[in-house]
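S.K.: Read off the chains here:
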Amino acid sequence: MAHSILVFVEQRDGKVKRAGLEALSEAARLGDASAVLVGSGIAALAADAGRAGARKVYVVDEPRFKLYAPEGYARAILLAAQKSGATHLFLAATAMGKDLAPTVAAMAGSAVATDCTGLSSEGDRIVARRPVYAGKMTVQIGFKKSPAVYTLRPNVFPLSRDGNASPAVEELKLTLGEGDLRTLVKEVAATSAGKVELTEASIVVTAGRGLGSPESFKLRDELAAVLGAAVGASRAVVDNGWRPHSEQVGQTGKTVSPNLYIAIAVSGAIQHLAGMSSSKVIVAINKDPDAPIFKVANYGIVGDAFEVVPALTEEFRKVLHH
Amino acid sequence: MILAVCLKRVPDTNARPTVGPDGKSINPQGIEFVINPYDEFAIEEALRIRDKAGSGEVVGVTVDPDGNESILRKALAMGVDRGILVKGGSTFDGAMTAEILAGVLKPLGASLILFGKQAVDSDSCQVPGMVAEHLKVPRATVVTKLEIQGDKVVCRRQIEGSEEVVEMAMPCVVAAQKGLNEPRYPSLKGIMAAKKKPVETKGAPAAEPRIEILKMEPPAPRPPGRIVGRGKDAVPELVRLLRDEAKVL
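Top line first, the protein sequences correspond to chains E and W.
Under the working numbering, think of the first position of the first sequence as 207, with each following residue one higher.
Under the working numbering, think of the first position of the second sequence as 17, with each following residue one higher.
Don't take each hint at face value.
As the list claims (entries may be wrong) - Okay, derived cross-link-like pairs now, BS3-like style, lysine-lysine, Cα gap no bigger than 30 Å in a straight line: (1) W/LYS263 - E/LYS350; (2) W/LYS248 - E/LYS351; (3) E/LYS223 - E/LYS392; (4) W/LYS263 - W/LYS122; (5) W/LYS152 - E/LYS272; (6) W/LYS152 - E/LYS392; (7) W/LYS218 - E/LYS351; (8) W/LYS122 - E/LYS350; (9) E/LYS424 - W/LYS103; (10) W/LYS40 - E/LYS501; (11) E/LYS351 - E/LYS289; (12) E/LYS524 - W/LYS248; (13) W/LYS248 - W/LYS152; (14) W/LYS161 - E/LYS272; (15) E/LYS272 - W/LYS103; (16) E/LYS379 - W/LYS152; (17) E/LYS221 - E/LYS460; (18) E/LYS272 - E/LYS350; (19) E/LYS460 - E/LYS501; (20) W/LYS40 - E/LYS486; (21) E/LYS223 - W/LYS161; (22) E/LYS501 - W/LYS122; (23) E/LYS486 - E/LYS460; (24) E/LYS493 - W/LYS263.
These are calculated hints, taken from the structure and not from any lab test.
Computed from a predicted structure; not experimentally measured.
Bound-form chain E, shown alone (with noise of 0.2 Å):
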């Protein structure tokens, strides 16, 4: 038997999360796919979730979803998941989709798999791989409950493009009661345009306390740049001050696992190990040759920062601008 699976997909401003769209690849291997989108203005999207491997999508257009708005997206997605007959519910593991799976389990009287990497069918159920003690150990998990809600990590999961443009879509009207919308998002602050968000990037630099000072980041900056990178610190760097905590990973900051992460004058407490071991690709530079972070580095160069980052920049502008 097929599983029945609906997929959360993410959008905010009118465009769809990759993360999103990597779930429902997933589910469409996994199963049978349908798609929900929550917002206002939003049934464009739906292209965008049928080429993804969704086979129905259903539109839960909503003045008032124009912002976030937890409880509310979580009727919306219950409502979608009681259409389709959904056993299942996989939403991507970003900031809105940690915070809104929860409510929707809780709302269903289910449990979540959070930040799941790996999901396979056994028989009539969906296994689920996570890591946990962030990362030192993954654990697999059956569900008691129906309907299963999962939350997928970013850059883990292929994405696929070859589904159908012109899935077949239905619009859902949600009825809202006074109480219904309990959690106001009032605005998003301003972002910081062009960063390229840490769990999102497909390569990630990141600097330790081996740089010395605050102001010797902008080797690790400079780098980054040239890469299109998100960039990273160690805890050391953080709880000095030197850079803030939105930047921090490790067990007690992100976790990422992007296709190249390069780690300068870091020297991998377990902790920073916990957060980034998962990459596909690490690059270590560290003058100390027994630093732990080389016992997980594909590539490593003993060496000082200050001379190697600079060349390893200009190299990678020569090969990457030619």
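Based on the hints, put chain W in the right spot on chain E.
M.R.: Chain W alone, transformed into the frame defined by chain E:
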């Protein structure tokens, strides 16, 4: 005003856990357990709100499968007024924990219920949102700034590359992100005082499991890497390998 802070006992972030004999949990031997680091931001925020108001009570609540009260004592030493220890729940079934917690929190009548944004063992980020739903109150997660304005709470929560400004009526649930404040260390006086502060112990009501852990294992080891070379002379070879061998450029 009652401020509730919900706490979880977790392995220290420097711990290197191994799989226990059941194959579904970690071996607790030799592991130091601490207050979940994010929960310390919740405690600190509650203490600051109480102290600024000059009145109110901060109540620490923990649901612990072993009924261990050590983290509550630490919270009391930081300045929390009293504790509620519920023996029950499970490390990974957050939905079950949320149901138990909601049952304890409902009669408490707290105006503000604070959590850490996630526990660093299960990493599920689900209990705050679920508790809010059970109590039918608004909630904000991953909060880096909290302000009380009359009977409203205005928060900033971190999203990709930006922040959302969230407004909620009290009572409400807030899940703290690092950066909300700088948690204090317990003073010697606080540690002494904590010994006399009350901790009420409760049994957990029957709650239904929603998930089961089928297996726990360490992540697959990464294939051994190599040192490409020393100093800047190794740079061209590194870039060549990234392009031609790893194919990530």
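S.K.: Indicate, hint by hint, whether the structure satisfies it.
M.R.: Status of each hint after checking the structure:
The straight-line distance between the Cα atoms of W/LYS263 and E/LYS350 is roughly 42 Å, outside the 30 Å bound, and the hint therefore fails. Of the pairs offered as hints, the one joining W/LYS248 and E/LYS351 is violated, with about 56 Å between alpha carbons and a cut-off of 30 Å exceeded. For the hint linking E/LYS223 to E/LYS392, the alpha-carbon distance of about 21 Å falls within 30 Å, and the restraint holds. A threshold of 30 Å between alpha carbons decides the hint, and for W/LYS263 with W/LYS122 the separation of about 55 Å lies outside it, so the pair is violated.
Proposed proximity of W/LYS152 and E/LYS272 is supported: the alpha carbons are some 23 Å apart, at most 30 Å. A threshold of 30 Å between alpha carbons decides the hint, and for W/LYS152 with E/LYS392 the separation of about 20 Å falls inside it, so the pair holds. A C-alpha spacing of about 27 Å is found between W/LYS218 and E/LYS351, which places the hinted pair at or below 30 Å, so the restraint holds. Distance hint between W/LYS122 and E/LYS350 is fulfilled; the C-alpha atoms sit about 26 Å from each other, no more than 30 Å.
A threshold of 30 Å between alpha carbons decides the hint, and for E/LYS424 with W/LYS103 the separation of about 51 Å lies outside it, so the pair is violated. Pair hint W/LYS40 plus E/LYS501 holds up; C-alpha atoms about 27 Å apart against a cutoff of 30 Å. A threshold of 30 Å between alpha carbons decides the hint, and for E/LYS351 with E/LYS289 the separation of about 19 Å falls inside it, so the pair holds. Taking the CA atoms of E/LYS524 and W/LYS248, the gap is about 15 Å. The hint holds against a cut of 30 Å.
Proposed proximity of W/LYS248 and W/LYS152 is contradicted: the alpha carbons are some 60 Å apart, above 30 Å. About 23 Å separates the Cα atoms of W/LYS161 and E/LYS272, which keeps this hinted pair within 30 Å; it holds. Taken as a hint, the E/LYS272 and W/LYS103 pair is broken in the structure, with Cα atoms around 43 Å apart against an allowance of 30 Å. Note on E/LYS379 and W/LYS152: the hinted pairing holds, with a Cα-Cα distance of about 23 Å set against a maximum of 30 Å.
With a C-alpha separation of about 24 Å, the suggested pairing of E/LYS221 with E/LYS460 holds against the 30 Å cut-off. Note on E/LYS272 and E/LYS350: the hinted pairing is violated, with a Cα-Cα distance of about 35 Å set against a maximum of 30 Å. Proposed proximity of E/LYS460 and E/LYS501 is supported: the alpha carbons are some 21 Å apart, at most 30 Å. Of the pairs offered as hints, the one joining W/LYS40 and E/LYS486 holds, with about 27 Å between alpha carbons and a cut-off of 30 Å not exceeded.
With a C-alpha separation of about 26 Å, the suggested pairing of E/LYS223 with W/LYS161 holds against the 30 Å cut-off. Between E/LYS501 and W/LYS122 the alpha-carbon distance is near 49 Å, which puts this suggested pair outside the 30 Å criterion. Between E/LYS486 and E/LYS460, the direct Cα distance comes to roughly 16 Å. Compliance with the 30 Å bound is thereby established for this hinted pair. A hinted pair counts as satisfied when its Cα atoms are at most 30 Å apart, and E/LYS493 with W/LYS263 qualifies at roughly 26 Å.
Hint compliance for this structure: hints 1, 2, 4, 9, 13, 15, 18 and 22 are broken, all remaining hints hold.
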